[in-house]
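A.B. asks: Sequence:
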Amino acid sequence: MTEDIYHKLAHHLDELPAGFPATESGVEIRILKRLFTPEEAELALHTSLIPEEARVIARRAKLSKEEAEERLREMAQKGLILSIDLPKRPALYMAAQYVVGIWEYQVDRLTEGLVRDMNEYLPSFVDMDTWQKAPQLRTIPVGRSLEASMEVMSYETAEDLVRSQRKIRVLPCICRKEHTMMGEGCEKPEESCLVFGTGAYYYEKRGIGRDIDVEECLEVLKQADKEGLVLQPNNAKKLSNICCCCGCCCQILIHMKKHPKPAEVVSSPFIVAYDAETCEACGVCVDRCQMDAMTMKEEEVEIDMDRCIGCGLCVSTCPTKSLTLERKPEKAQHYIPDDLMESHIRLGQARGKLGRGTMMKMSLKSKWDRFLAK
Numbered sequence: 033m034t035e036d037i038y039h040k041l042a043h044h045l046d047e048l049p050a051g052f053p054a055t056e057s058g059v060e061i062r063i064l065k066r067l068f069t070p071e072e073a074e075l076a077l078h079t080s081l082i083p084e085e086a087r088v089i090a091r092r093a094k095l096s097k098e099e100a101e102e103r104l105r106e107m108a109q110k111g112l113i114l115s116i117d118l119p120k121r122p123a124l125y126m127a128a129q130y131v132v133g134i135w136e137y138q139v140d141r142l143t144e145g146l147v148r149d150m151n152e153y154l155p156s157f158v159d160m161d162t163w164q165k166a167p168q169l170r171t172i173p174v175g176r177s178l179e180a181s182m183e184v185m186s187y188e189t190a191e192d193l194v195r196s197q198r199k200i201r202v203l204p205c206i207c208r209k210e211h212t213m214m215g216e217g218c219e220k221p222e223e224s225c226l227v228f229g230t231g232a233y234y235y236e237k238r239g240i241g242r243d244i245d246v247e248e249c250l251e252v253l254k255q256a257d258k259e260g261l262v263l264q265p266n267n268a269k270k271l272s273n274i275c276c277c278c279g280c281c282c283q284i285l286i287h288m289k290k291h292p293k294p295a296e297v298v299s300s301p302f303i304v305a306y307d308a309e310t311c312e313a314c315g316v317c318v319d320r321c322q323m324d325a326m327t328m329k330e331e332e333v334e335i336d337m338d339r340c341i342g343c344g345l346c347v348s349t350c351p352t353k354s355l356t357l358e359r360k361p362e363k364a365q366h367y368i369p370d371d372l373m374e375s376h377i378r379l380g381q382a383r384g385k386l387g388r389g390t391m392m393k394m395s396l397k398s399k400w401d402r403f404l405a406k
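All residue numbers in the sequence shown are consecutive under this note's numbering, ending with 406.
Because the hints were derived from the structure by calculation, they are not lab data.
Cut-off 30 Å, straight-line C-alpha distance, at most; resulting in silico cross-link-like pairs (DSS-like, lysine-lysine): (1) 270 - 258; (2) 220 - 258; (3) 397 - 94; (4) 237 - 110.
Let's have the full structure, built from the sequences with the hints guiding it.
C.D. replies: Here it is, written out as C-alpha cells:
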C-alpha cells in the first residue's frame, strides 16, 4: 500500500509541467521516499496547479480543515508544496513541480543520499529536446556586455528587471551547495540565487536566505560578472528569479554543454560577434566561456557559434573590445512568455500535457470543490 502511494505521487508529478519520468532503476521513487512521508505523499495527490484554501484540499482528502491546514503548512515548510500567504486572507496551497520546484526548495534539507539519487536521476529527467521547445530558464547578458547603442527590451537586461522589484531575497545556490557536499564544489560564491516577489516571501517564511535591496542585488549581479557566472532568469517577461550559474555546477549548463549545439537549445536573443583584426589572443574569453565555444589555436581565438549562448561573459572582459554581442535573426529567437504560468503551460503542452480539456477540467473541479467545501 505504501509503495503504491509513492508511485501515484510520481504519476501526479509527471502530469505537472516539468514532468517526473519513470526509470528502470526506480530512483525517482527513492527520491520521493526521502522527501515525503506516506501521509504527505497521499495529501500531495490532492493539490493541483490552482492555488486553493486548506478547506478545499481537506474535502478532497477527506480530512478535517484543521488537520489539513496543519499538514499542508508543514509540507510547505519542507518545500514539498507551494503556499501563498496574503495579508488578512487564508493561506493558499498548490502543487509544486519537481524541477524547477521541489528540488530547489530542498536547499536547506540536502543530504548526501538525496544528492546521489538526484545525480543518478538527472540524465533521465533532463530532456534537451523539450527544453528547446519550452525552456524553464533563459539566458540574458551581463550588463557590461551590452552597448548603449543596442536596442534592448527591458526584460532582456538584468538591471531593468531588478529595478522594478520591491521584494528581493538572495539564497544559497543549490547546485554549488550539493556539489560542495559531495566534494566537487568550485570557488564561486554560494550566496548568488536571486528570488523576487511571491517566491521571496515563500523563502522568507521558511527562513531561507536573506532580504536585500535593489542596490545590493545589483552588486550581486556585478559580482556574478566578475566571477564568470551566467545569468539565467525564469523564462518569462515577468521576473520571479535569476540564477547566477557556473558551467561546473549548474545542472542545466552541464547538460546544455553536452549538447552539440547549445546555441539552438538556449533561449537567448544574442550571440557573440568577433573582430579578428583587433584580437590580441590573450585567452581571457577562452577561460570565461562556460560552453567551450572559444578555443585557442596557433595563437588565434576560434569561435564555434553553435556553442555560443549569448551570455556576454567574454564581451565584458575583452581588453581590445574585439568581442561584442549582436541580436540573432528574429526567427532564431525564442518566444518569451508573459509570466510564469504561461511558461509552465507551454512546457506542459510541449510534453503533451495540459491541453485545453485538461486545464478546463482542473478549473471546473477546483470551482466545484470550493463551492462544496465548508
